[in-house]
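Undergrad: Listed below, chain by chain, are the residues.
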Amino acid sequence: MDLRFTAEERAFRAEVRDFIEANLPAETRQRMIEGRVPTKAQTVAWQRILNARGWAVPDWPEEHGGTGWTAVQRYIFREELQQTPAPQPLGFNTNMVGPIIIAFGTEAQKRHFLPRIRNIDDWWCQGFSEPGAGSDLASLKTRAVRDGDHYVVDGQKTWTTYAQNADWIFCLVRTNPQAAKRQEGISFLLIDMRSPGITVRPVITIDGGHEVNEVFFDNVRVPVSNLVGEENRGWDCAKLLLGHERTGAARVGVSKERLRRLKFMAGEAQENGRPLIEQQRIREKIAAIEVELKALEMTVLHVLAGGRRAGESRQADPASSILKLRGSEIAQSITELMMEVAGPYGLAAPGDPDAEGSNAPELMPEWARSAAPLYFNWRKLSIFGGTNEIQRQIMAKAFMGL
Amino acid sequence: MDLRFTAEERAFRAEVRDFIEANLPAETRQRMIEGRVPTKAQTVAWQRILNARGWAVPDWPEEHGGTGWTAVQRYIFREELQQTPAPQPLGFNTNMVGPIIIAFGTEAQKRHFLPRIRNIDDWWCQGFSEPGAGSDLASLKTRAVRDGDHYVVDGQKTWTTYAQNADWIFCLVRTNPQAAKRQEGISFLLIDMRSPGITVRPVITIDGGHEVNEVFFDNVRVPVSNLVGEENRGWDCAKLLLGHERTGAARVGVSKERLRRLKFMAGEAQENGRPLIEQQRIREKIAAIEVELKALEMTVLHVLAGGRRAGESRQADPASSILKLRGSEIAQSITELMMEVAGPYGLAAPGDPDAEGSNAPELMPEWARSAAPLYFNWRKLSIFGGTNEIQRQIMAKAFMGL
Amino acid sequence: MDFDLTEEQRLLQSNLRRLLADHYAFNRRANYQTEAPGWSRAMWGRYAELGLLGLPFAEEDGGFGGGPVETMLVAEALGEVLALEPWLSTVVLGGGLLRHGADAALRQRMVPAIAAGEALLAFAQAEPQSRYSLSDITTTARRDGDGWVLEGRKSVVLHGDTADWLLVTARSAGARHDRGGIGVFLLRGDAPGVLRQGYAMVDGQRGAEITLSAARAEAVLGNAEDGLALVERVVDEAIAALAAEAVGTMSALHAMTLDYLKTRKQFGAPIGSFQVLQHRASDMMVALEQARSMAMYATMMLEEPAAARRAALSAVKVQIGRSARLIGQQAVQMHGGIGIATEYAAGHAFKRLAAIDTTFGDADHHLRALAAEVSAAA
Amino acid sequence: MDFDLTEEQRLLQSNLRRLLADHYAFNRRANYQTEAPGWSRAMWGRYAELGLLGLPFAEEDGGFGGGPVETMLVAEALGEVLALEPWLSTVVLGGGLLRHGADAALRQRMVPAIAAGEALLAFAQAEPQSRYSLSDITTTARRDGDGWVLEGRKSVVLHGDTADWLLVTARSAGARHDRGGIGVFLLRGDAPGVLRQGYAMVDGQRGAEITLSAARAEAVLGNAEDGLALVERVVDEAIAALAAEAVGTMSALHAMTLDYLKTRKQFGAPIGSFQVLQHRASDMMVALEQARSMAMYATMMLEEPAAARRAALSAVKVQIGRSARLIGQQAVQMHGGIGIATEYAAGHAFKRLAAIDTTFGDADHHLRALAAEVSAAA
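Protein chains in written order, with full-length UniProt numbering: chain Z, 1 to 402; chain E, 1 to 402; chain V, 1 to 378; chain R, 1 to 378.
Mixed in with the good hints there might be a few duds.
Distance condition first, Cα-Cα at most 16 Å in a straight line; then the derived EDC-like pairs of lysine to aspartate or glutamate [to be verified]:
| id | chain 1 | residue 1 | chain 2 | residue 2 |
| --- | --- | --- | --- | --- |
| 1 | E | Lys-239 | E | Glu-284 |
| 2 | E | Lys-397 | V | Asp-259 |
| 3 | E | Lys-397 | V | Asp-283 |
Covered stretches of chain R, as calculated for chain E (at least 3 residues, CB under 8 Å) [stated by the list, open to error]:
| id | region |
| --- | --- |
| 4 | 131 to 138 |
| 5 | 199 to 207 |
| 6 | 292 to 306 |
| 7 | 347 to 353 |
If you are wondering where the hints come from, they were derived from the structure by calculation, not from laboratory data.
Quick caveat: nothing in here was measured; it's all calculated off a predicted structure.
No residue lacks a Cβ here, since even glycine has one placed at the ideal position from N, Cα and C.
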């Protein structure tokens, strides 16, 4: 049992850090430090830099462009991206549709799509959630009816992140409404967003940002060749995603970076002419979050190194739920504290300057701008990706037999 | 709407306070300040002083010795007792068996028992809970079988507070095991604790104290004349108690007194040669509890003054649950903080010096002695009298229609 | 002790609630927000008709003689619908400064216009560096003939963009943090030297950054060096009103959440049938009741001597902040995704509650103030 | 990075767990508590046989060369059964002081006796006024010939009543709070001038108040004026051991609670079928996992330089305190009445966890220490 990083792992971290320092465009980094989401162009440009270096898809098999890194190396890579901060790989591409095509796709699908996914030649979005089917995915209603060489898709998806950027959408659709179980009769389709009959309606969130959308399908014709896996077996694809990426939800690197930002803000904000960071209570709150984040980081490393006793079999390990739960709670507590530190200026926050209803950012100090929008936006962290209530339920049922 | 006490109410408070100051034995008060439960003799002596003054049973109808006070006056009286602190009226006598006999008893029962209850000539205890029937009272199993002029009682009661002091016990017993509903077929019996067949077994709690007991009934013969109300209608009596005494559970006066004690302790305890009360974090924790207690007190006054909008009908008012919940949480948070203030000495706490396993109290400072025992003992506040989970359930079901 | 409302108070409450029910449905609120000033001039006229705008002023000044209880009732009702209009800034803040600080002549000049809905007021108190300190003032007031000329920058001024009149704190003497030397000055909003940059704040209310360059005051309220006590009193009154407004908002948000729990189905059952959400709703109910109790306490303590009043209002603000955070966050969480979509009311209530916490000192700021007064018991 | 145990470590763990399973059922623990020293001499002998007592000492001193991981495994297993014996005071505290502070001759004299179970040690550090400060020492050490004579009062000394040897901090120079001038002295427990009053502490462990009146030391560990760094190091090692012990206790308490939830019925169903209690159990599981992670972190950081080590161990103590409070309180709450009855194990685990929080500084004490180091980021 040696709980420290090895010399090789430390060297690897240095290599990654140096590469990011040398290659990440400064304005991308600054935008992210300010708490804003990178633009589509910034995300794509960075992914192409990584792809050129061979680091676009560390989690993929080497034959499809993966790096062959250990779990610890992949963790270090992700943490370095998060801490810089640099745009993270577009999850819909690299963590979702890519692995599914690798696991279930035809050779033709792999040949055509995988290189484009890696390089974000196609920006993908995810069509799973529907109105009335949030955490209860299996109750989805969007249907696809076979018509010759095509499926005809009708229905509605919601909470579709960055649909406005997307070239393609991967969807769960109902192909057999008569199936005995609700999970049966669902298929996994790849749909070109330029297809006639697709409408994207923006959903503006309370931070003023435009991240999510509703996507409507009205008689959309999808070639049968875009079916992934077997018809009516789309649930297998969905399940693959549930098992995937156990430690990413902890977002340790992101929270480290945001904590650093919080400490910067607390050095800038003043009360009675002194920086807030000098106040005992603020320091204690920061220290308390740092303790929690350290505990979370150790749990992540424990999982990565495979040393968890209960973790022999991936199925029986509650770690995913714990990491999601704590990761979101810690991230949210940082944004709460940012809001507190911003103080009155928090009320005047401009939101995403690209979004509607924004204020002139120059009226307020730069350090205070992102606090409120981030606080509001990150409420999603305990909702999306399986609510925190669902995580607690999973733990109780699956790991404690309650 | 005038949210302040009237001049009459303030004068009444002064009268009560003066009487307590003049008549409460100093050693009773000191014992309670130290966080110890008054002895049986102290409780009885004080109740007799109150009884002589005509203040033994303020909540009872005047014909049975009640004072005819308003709800606000009764609150002031109780709060003054709690804040002094003085022993509170023995609830089993004055709040439980007394009101039940008043509501359901025969004339003979009233004549015989009520004066003795008022004066604690008889010390009563309560036989409701059973092993396996904690919050689910209706599942009780102790049975009473009619045999001529007697019932023969067999079974077991548990968590029986001060059974070791008691002359009498009032019990819920099952008289008709075949009843359609579980609540039916239960009767309310008065049982002399000296009856052959009764065994009392002490249950020592983790603070080292002896407050609760198990009471075993083995062929105990109880005269039928000790049945209160109708046979098989004992649930009506139990329900009377549930509706009774809505604001007492808040324990505002007790918490005020314990907060004062906490602030005394924090003035005595030192770190680096300075009193703990000078530490910002301790002060903030105390201030936070004071805020919560003030909110609770205002809620109590609001209920008392009858001004709550939802409170027109007693049945439809969630106040009882809120008061019980917050009252117990606040009291527990004070004991937590006492434990913190006591510091290392908290570990050496002597517990109740009358109880087993006690240490020599003279080895540690007086101010630190009661912290740990009280912290341990008061865990009961969120368990007994309807757990806090039950209170939340009641609110959700009865008042929010969930 | 008496918690009952008078017949008149009941009437006021029900009339206002009816007005708001008729005109302040959530979709209309969104429309009001896009009107030129960022709120509804028509509603402002209706408030005037109903007597809201002159309510707390003395009858001899042209008001209706209402007290703290009336203000509480109005604030709570406005909070229920997340009203956008400058009632707090005009009637409670600006109006409060006039009531307690202006001489009879000035009051009698201003109050009728306020009551008629013809004068909007804003309180320009905070500065970029001042955070929650009421005495951290660098804006200066300089004697000029028999008047005053102001110089400085005021920040996040609630409804400062549309106000006809600004009430501005400025330093006529003393150093930056001194308690003495502060005056409250009345300026026309469009006076020469007043530069206003307005914006919508995160909760939909309007704010402004205001730069004063040799801006001439119309009047000073009382003594130009002695205004801090007045400011503290009026800020405490505003905290009491904010507490009541927050209670209204929390109460509406709790009700919205209960509705959602009863109608939204998941896994084949209304989500309100899940015990965890039931208990969460109970915790919200407790938090609401605590806040309501403290809003009443605030109302009751406004007439007490300054030290007791300030401590009480700090306690109120702590409780309001904590209840608001719990109720706001849990309401959003239980609504799921739609809790953070601008198309639904819940997220807006959540944001307004967050903003109220930050207005005139957040829960922690006031907790620190209370902690400073804690001492050992005998 | 490697979280796997070696084969030897696995064996140690399973042998110890087997021993405890055979001999430390809850009812036997109650019996041990009534034995003369308040714990089991027989168990102490078995620990010695298993090699626990010499484990962390170097082989050349007569030990078995174990490291922090071995100590963690032992502490966790002992925590699972709420073991009463003076392992922490003898092996971790007393033993740690000897390992890091004693010269080879003294080590080689003491260690074999410790390993054989023939020498019990206690660390007499705290004083009535010192609370959690390690440098607040008024006990004095005075040169007397070539030896030292001690005078003062030591308080709440863990297992001080039965210890054969006391390791006592005393001031040979400097003023009360000075970091310099502190030495660690070795005394026989029954030396003339040592008055010991033992008692059972709230968690069933033994404590003692010790008065030293011209008590003569057998040795001083290292320099008599320079002992604080040694004390800090050993206290950090003890915090790491306490963290692991707490993890064992929390883990057992969580398991006990799950058992209870599955077997105890109310309203016709196991109470574990109630969703609120299910989620509570999940929160306990999360708290346990956080504590476990930090116990490993503690183990990993013990060899780091003092400043990093102290900060890390403070973070550990904060997390352990918070997890312990949540798990302890919730376990009692879910057990209901029997959670606070001495006849059941849950309440004892709750009390031990509360005691661990208070030992060597509670969560808040260490949070303050961490907060002192927080600074603004660039």
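Undergrad: None of the hints should be skipped; say for each whether it holds.
TA: Checked hints:
The straight-line distance between the Cα atoms of E/Lys-239 and E/Glu-284 is roughly 41 Å, outside the 16 Å bound, and the hint therefore fails. A threshold of 16 Å between alpha carbons decides the hint, and for E/Lys-397 with V/Asp-259 the separation of about 14 Å falls inside it, so the pair holds. As the CA atoms of E/Lys-397 and V/Asp-283 are separated by approximately 13 Å, the hinted pair is consistent with the 16 Å bound. Look at the region 131 to 138 of chain R against chain E: 4 of its residues bring a Cβ nearer than 8 Å to a Cβ of that chain, three or more, so the hint holds.
Under the rule that three or more residues need a Cβ within less than 8 Å of chain E, the assignment of the region 199 to 207 of chain R holds, with 7 such residues. Counting residues of the region 292 to 306 of chain R whose CB lies closer than 8 Å to any CB of chain E gives 0, so the stated coverage by that chain is violated, three being the minimum. Three residues within the 8 Å Cβ limit are the bar, and the region 347 to 353 of chain R against chain E gives 4, so the coverage statement holds.
When each numbered hint is compared with the structure, violations occur for hints 1 and 6.
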